[in-house]
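There are 2 protein chains.
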Amino acid sequence: MSEKMITATAEAAAGLIKDGMTVAMSGWAMAGYPKAVPEELVCRRKGGESLAVNLVTGANVPWLDEKLGAEGIISRRAPMIASRTLAAQANKGTMSYVEQQMNKMPKLLRSGKFGKIDVAVVEALGFNENGELIPTSSIGMTSHLLDAADSIIVEINKAQPELLRELHDIHIPAAPPKTQPIPMVSTAQRIGQTGIAVDKSKIRFIVETDIPERMGAQPKGTEVTARIASHLFNFLQQEYKGWKGKLPPVQLGFGSIADSIADAFQHSAFHDLQFYCGGVTEPVMELLASGRASAVSAGGLGMSERVEQILAETPKLSERFVLRNGDLTNNAEVIGRLGVIALNTGIEMDIYGNVNSSHIAGSRVVNGIGGGAGFAQSAGLSVMMIQSTAKGGAISGIVPMVSHLDISEHDIDIVITENGLADLRGLDDVERADVIIGNCASDAYKPQLAAYLVKARENCGGHHPQLPDDAFTWHRRLKEEGTMLEKDI
Amino acid sequence: MSEKMITATAEAAAGLIKDGMTVAMSGWAMAGYPKAVPEELVCRRKGGESLAVNLVTGANVPWLDEKLGAEGIISRRAPMIASRTLAAQANKGTMSYVEQQMNKMPKLLRSGKFGKIDVAVVEALGFNENGELIPTSSIGMTSHLLDAADSIIVEINKAQPELLRELHDIHIPAAPPKTQPIPMVSTAQRIGQTGIAVDKSKIRFIVETDIPERMGAQPKGTEVTARIASHLFNFLQQEYKGWKGKLPPVQLGFGSIADSIADAFQHSAFHDLQFYCGGVTEPVMELLASGRASAVSAGGLGMSERVEQILAETPKLSERFVLRNGDLTNNAEVIGRLGVIALNTGIEMDIYGNVNSSHIAGSRVVNGIGGGAGFAQSAGLSVMMIQSTAKGGAISGIVPMVSHLDISEHDIDIVITENGLADLRGLDDVERADVIIGNCASDAYKPQLAAYLVKARENCGGHHPQLPDDAFTWHRRLKEEGTMLEKDI
Chain L
567 MSEKMITATA EAAAGLIKDG MTVAMSGWAM AGYPKAVPEE LVCRRKGGES LAVNLVTGAN
627 VPWLDEKLGA EGIISRRAPM IASRTLAAQA NKGTMSYVEQ QMNKMPKLLR SGKFGKIDVA
687 VVEALGFNEN GELIPTSSIG MTSHLLDAAD SIIVEINKAQ PELLRELHDI HIPAAPPKTQ
747 PIPMVSTAQR IGQTGIAVDK SKIRFIVETD IPERMGAQPK GTEVTARIAS HLFNFLQQEY
807 KGWKGKLPPV QLGFGSIADS IADAFQHSAF HDLQFYCGGV TEPVMELLAS GRASAVSAGG
867 LGMSERVEQI LAETPKLSER FVLRNGDLTN NAEVIGRLGV IALNTGIEMD IYGNVNSSHI
927 AGSRVVNGIG GGAGFAQSAG LSVMMIQSTA KGGAISGIVP MVSHLDISEH DIDIVITENG
987 LADLRGLDDV ERADVIIGNC ASDAYKPQLA AYLVKARENC GGHHPQLPDD AFTWHRRLKE
1047 EGTMLEKDI
Chain C
567 MSEKMITATA EAAAGLIKDG MTVAMSGWAM AGYPKAVPEE LVCRRKGGES LAVNLVTGAN
627 VPWLDEKLGA EGIISRRAPM IASRTLAAQA NKGTMSYVEQ QMNKMPKLLR SGKFGKIDVA
687 VVEALGFNEN GELIPTSSIG MTSHLLDAAD SIIVEINKAQ PELLRELHDI HIPAAPPKTQ
747 PIPMVSTAQR IGQTGIAVDK SKIRFIVETD IPERMGAQPK GTEVTARIAS HLFNFLQQEY
807 KGWKGKLPPV QLGFGSIADS IADAFQHSAF HDLQFYCGGV TEPVMELLAS GRASAVSAGG
867 LGMSERVEQI LAETPKLSER FVLRNGDLTN NAEVIGRLGV IALNTGIEMD IYGNVNSSHI
927 AGSRVVNGIG GGAGFAQSAG LSVMMIQSTA KGGAISGIVP MVSHLDISEH DIDIVITENG
987 LADLRGLDDV ERADVIIGNC ASDAYKPQLA AYLVKARENC GGHHPQLPDD AFTWHRRLKE
1047 EGTMLEKDI
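Order-wise, the sequence lines are chains L and C. Each residue of the first sequence is one higher than the one before, counting from 567 in the numbering used here. Each residue of the second sequence is one higher than the one before, counting from 567 in the numbering used here.
Calculated from the structure, these hints are not laboratory results. As the structure is a computational prediction, the values presented were derived from the model and not from experiment. Incorrect hints may have been included.
Note that the list lumps identical chains together, so a pair holds whenever it fits in one copy or between two copies.
What the hints assert, rightly or not - Below, simulated BS3-like cross-link-like pairs (lysine-lysine); rule was C-alpha separation at most 25 Å, straight line:
id	residue 1	residue 2
1	812	670
2	957	768
3	786	768
4	1045	1021
5	807	670
6	810	724
7	768	1021
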């Protein structure tokens, strides 16, 4: 190791970080982020120091966003925000948000377009015998962040389970023109290394910490999301009836719909389940614990006491659970090859199947596009699940035209709401509208949606009939009258 | 070969095709389509027979669309239309258009969702010693179409150059869960077979033809498109300055912008050019002829007398030119691995970089989404080129909000108009709007666009400020006043 690399307090290490710098931090899918150095930055800011940085991570790290964002320490953020505080700042225009898809991060980081990275702060379990850095509960883009950074601070967190050491599989595809095929054909296959090569001369400080990583409470399934899961399972049984109770690998996110689906998998007849996810949390890990799932690949592992218990108690864990770097978790080549069933959710969907997954009323960001669009584009089967109404019926999940478009109708195969399922494959645009309205919309909004479609076909026509003025009346009515529902229909 | 397989007249063979059937025909990127059987269908229709079919091809085949569409023989069409006649029918609602992305075709055909294919009609040079079918100027989805069809008619066209025999490279990835890595790491690498395996028992008729395949006249570059090409080349020289005059493989389509780019490549300092395209026509083939290009991979070859001459005169042709099936030409795995420079065009783009490439005023289809979005999603560098105005200035190519969205802002790296270039990488949404308006919009529309952005930021705010009512005033003004231009600004 470099003579420059010294064990230091978080305070001393954080001293490297100055106002106006571009700082990269480890973290992906809510896991594996540094903790002590960010706390020091908060202390300095609270002490009156002028301190704001351009923060780059691999993907969503809500703890960093909330912790640093609440103090106004983040002036610019890429590639995803995952906090109400930071979203509010992005929407107010006081923080600059460079929203990116997860699968674009390797090429964007290599392009240098996020700016020179002054300091990278990464969490690790330590180093292996080759001097490679051993990450913790995520790997994410850490390899690229370390490559791009001038200086590096490593937080070695003794509170992260040592068991994680045997779970990492790190494979960094070379940049074109030297890129080779990714030699991976199954979910839990190991194709890479256990550590991340790092230029030791750039490591300026090692900070030893002992801070357990704990996810906040996650949303539970509801009666409505259970109905969505039920429609999904009826469909999967039909669609994969030749698969003898197995399924292609499933991509599942977080939230109440995901919770209901995990619960349904726990009680379904499917067996030897595989999950190929950006991140996994307790519900998917419970499927591993119960033996329902036989292979899980994840970019990040949402830590909790129960997850640590599952890690400790699962036999042959490293054969069944793989933590991968972000180059692979969201990789189109791998997702397409495995024929992943992508289970995504959105904010609103239009009658043709276009999805808004990021911006309320077209302008105000919630989180960001994340990895969903990439999974939908490359999946073997792309499923979009959405509740047919929100806010007690004031909002229809199905609208004439989405106010912002993240996932194209051409990247959606199946639409599910609590009311039913629409299989869009092989349908023309008006047929799509008919099945989405007929099978999926809420009864309260069906007449309004059907009337819109009739009017659009008559007044405008075309292959994809749309009347933007009429369509956006829905969002205007919500803003002005508090509901999308027409009074006189 | 099967006892059922007999050489027959086109009239006899076409007799297999009845009103209401689903018929698949070969063809991809304007090339390799059957000719005699479609002519027979036209004759029958003109003779008063009630005859309309659901037509499925691999991709765009304008000759079939025009020939059959003009007689109303196509009642339903997938996955792409490439004819004004058929677009008009789709927009009138008299023909059902199932618009799909090219890269989704293998999985969609395997799903059976286009309906049972009654008859497949494919053009071939003949059969090889293994009894495999040898395609002509495209391969497309023919393998999948033959697999899915109940009966097959093969048109053996003696007018197609025998030289094509040595150009095909056919590799059909297995469906999940048996998919393997595609072992391809360079543009002209051969990884497959020279013929398509076919169940001979399904071949009902062989029709011998002698009909030269000739593309219609293609649009030439203009002074405006030459300026777009010029901005592109200045950028490429900077972006790839470490590549010693080489570039990653380039995806180039058809049209006047593509013509100007091919012309610029002919006169630039770049050498050993590679092209990885859905289809190529004379301009790219001229680059092969001049020695500027050393490797061309295409899904279809637009035939002309000049192209036939280039095929005949190019030494070591099969080492430099490969005709691939559609599973590979538009494959995310391969496009990403090669780091393809995707050069796409669109109808309109919004101030944030979202692109409408298919529907005028949001409703009326021109052709369809085709392969562009797939290339943009997976490319090493995604470039969108658009003229800043159309119809003598009545239409701005840059609008506040696209009326239809095919390619997301997140899949676009670089925007070019004749006025300049905007590099969107690493920018937040308002910064994107600033550079797109500032560098790319026409002077006539800049004040209007800038005023919109100011108003959207003030009245609505948010991370992605949009005022749909104001935004769609642009399209309404065009319809009502004949121009998007405001009178009083």
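Between the shortest in-copy and the shortest cross-copy C-alpha distance, which are at most 25 Å for residue 812 and residue 670: within, between, both, or neither?
-> This pair counts as between: shortest inter-copy Cα distance 23 Å, intra-copy 31 Å.
From the Cα coordinates, with 25 Å as the cut-off, is the pair residue 786 and residue 768 best called within, between, both, or neither?
-> neither (43 Å within a copy, 54 Å between copies)
Using 25 Å as the alpha-carbon threshold, which applies to residue 768 and residue 1021: within, between, both, or neither?
-> For residue 768 and residue 1021, neither the intra-copy (64 Å) nor the inter-copy (46 Å) Cα distance is at most 25 Å.
Taking 25 Å as the upper bound on the Cα-Cα distance, should residue 957 and residue 768 be classified as within, between, both, or neither?
-> neither (51 Å within a copy, 57 Å between copies)
Classify it for me, residue 810 with residue 724: is the Cα-Cα distance of at most 25 Å met within a copy, between copies, both or neither?
-> This pair counts as neither: shortest intra-copy Cα distance 44 Å, inter-copy 48 Å.
Between residue 1045 and residue 1021, at a C-alpha cutoff of 25 Å, which is it: within one copy, between copies, both, or neither?
-> Both: 23 Å inside a chain and 18 Å across chains, each within 25 Å.
Intra- versus inter-subunit Cα pairing at 25 Å for residue 807 with residue 670 = Only across copies: residue 807 and residue 670 sit 22 Å apart there, 35 Å inside one copy, limit 25 Å.
In summary, the structure is inconsistent with hints 2, 3, 6 and 7 from the numbered list given earlier, while agreeing with the others.
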